[in-house]
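Asker: Sequence:
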Amino acid sequence: MERRSALKNIGGLFLVPAFAGQTLQAAKKPVLRVGHLTDIHLKDEFSAPARFTSCLQHMQQQSPRVDFILNGGDVVFDMNKENLGTISKQWQLYNSVMQAQCSLPVKYCLGNHDIWWNENDRGEALYGKEFAMNQLGLQSPYYSFIQNGWKFILLDSVHLDIDGTWYIGKLGEAQFSWLENELNNTDKDMPVLVLSHIPILTAANLIEDDIVNKWVMLGGDMHTDTAKIISLFYKHPNVKLCLSGHIHLREKLIYNNVAYICNGAVSGAWWEGNRRETAPGYGIIDLYADGSFSEVYMNY
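Last residue of the sequence shown: number 300 in my numbering, and the count goes up by one each step with no gaps.
Note that these hints are calculated values from the structure, not bench results. Treat the hints with care, since some could be wrong.
Claimed, not checked - The following label-pair restraints were derived from C-beta to C-beta distances:
{"#": "1", "residue 1": "G85", "residue 2": "K28", "range": "46 to 54 Å"}
{"#": "2", "residue 1": "E272", "residue 2": "R65", "range": "37 to 45 Å"}
{"#": "3", "residue 1": "Q62", "residue 2": "N213", "range": "42 to 50 Å"}
{"#": "4", "residue 1": "E173", "residue 2": "Q99", "range": "36 to 44 Å"}
{"#": "5", "residue 1": "L253", "residue 2": "S63", "range": "42 to 50 Å"}
{"#": "6", "residue 1": "E277", "residue 2": "N256", "range": "23 to 31 Å"}
{"#": "7", "residue 1": "Q139", "residue 2": "N80", "range": "20 to 28 Å"}
{"#": "8", "residue 1": "G220", "residue 2": "K29", "range": "39 to 47 Å"}
{"#": "9", "residue 1": "K28", "residue 2": "K214", "range": "38 to 46 Å"}
From the three backbone atoms N, C-alpha and C, an ideal C-beta is built for every residue, glycine too.
Starting from the given sequences, assemble the full structure and let the hints guide the process.
Answerer: Written as structure tokens, this is what we have:
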């Protein structure tokens, strides 16, 4: 019966006038095409500048053309425990490549390697997130914007742990309240894309060698407030897609009709090959007016 019903429906397609099919095709034309670059970790070694240039060129040659870039953080190789001179050189390198090779608008969120928390430099004015925010022109480490009928929410998922020397994935009370307010004040028919550095939800992080009888997920590998965020998203079905990086693995996970996608890393295994089975790459996401999307991970 199911097969006959399916065949009947297929046959019915041939009765639809040609112009109706053209209208349907036009309705599914993307309203935006977004490039998702994450975990570039740019450094002046391993031919990283030339390879990052190849990535930018590869993405900008896509057809249809990419409208803008979402950069998911870990822009430079590592700021955490470095001195100010080393940090400045990393950013000079990144800015020079972007100025010469990228013609697209870029929206940024911060990664854990974009934060300066050398304990000996706590008194510096640019300590913490300020240095990277100044480089990227960010007034706040989390913010939102609307483009072509979609709302984009960019989160700050990296915070110091309780001992003040390392990081943990979370929003914190102030940012969570802001996120809740953003969603409450967004038209329920407007689709929402969320960008974070650390995954809100991941399963790929459990892939480890030689596990005997249990797996461990560290607080720096996935948001520690996952349950709270997912509960919030459940109240807002217009949240369609959450993009992340951080783990350098390509993953697509669907939970409660929200897609959680980690788009690997531009740098792969920090410019030394694949991170497990994930080759260096970036994401291309086509966004549609009805809240649907299509996406692909591109190796360059």
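Asker: For the pair Q62 and N213, does the Cβ-Cβ distance stay inside 42 to 50 Å?
Answerer: holds, 45 Å
Asker: Is the distance from the Cβ of E277 to the Cβ of N256 consistent with 23 to 31 Å?
Answerer: holds, 27 Å
Asker: Does the Cβ pair G220, K29 satisfy 39 to 47 Å?
Answerer: Because 40 Å falls inside the window, the suggested range holds.
Asker: Range first: 46 to 54 Å. Now tell me if the beta carbons of G85 and K28 are that far apart.
Answerer: holds, 52 Å
Asker: Could you tell me whether the CB distance from E272 to R65 stays inside 37 to 45 Å?
Answerer: violated, 32 Å
Asker: Could you say whether the range 42 to 50 Å given as a hint is met by the Cβ separation of L253 and S63?
Answerer: violated, 29 Å
Asker: Looking only at beta-carbon atoms, does the pair K28, K214 fall within the given range of 38 to 46 Å?
Answerer: holds, 45 Å
Asker: Indicate whether the distance between the beta carbons of Q139 and N80 respects the range 20 to 28 Å.
Answerer: Given about 23 Å between the Cβ atoms, the range holds.
Asker: Quick one: are E173 and Q99 within 36 to 44 Å, going by C-beta?
Answerer: Given about 38 Å between the Cβ atoms, the range holds.
In summary, the structure is inconsistent with hints 2, 5 from the numbered list given earlier, while agreeing with the others.
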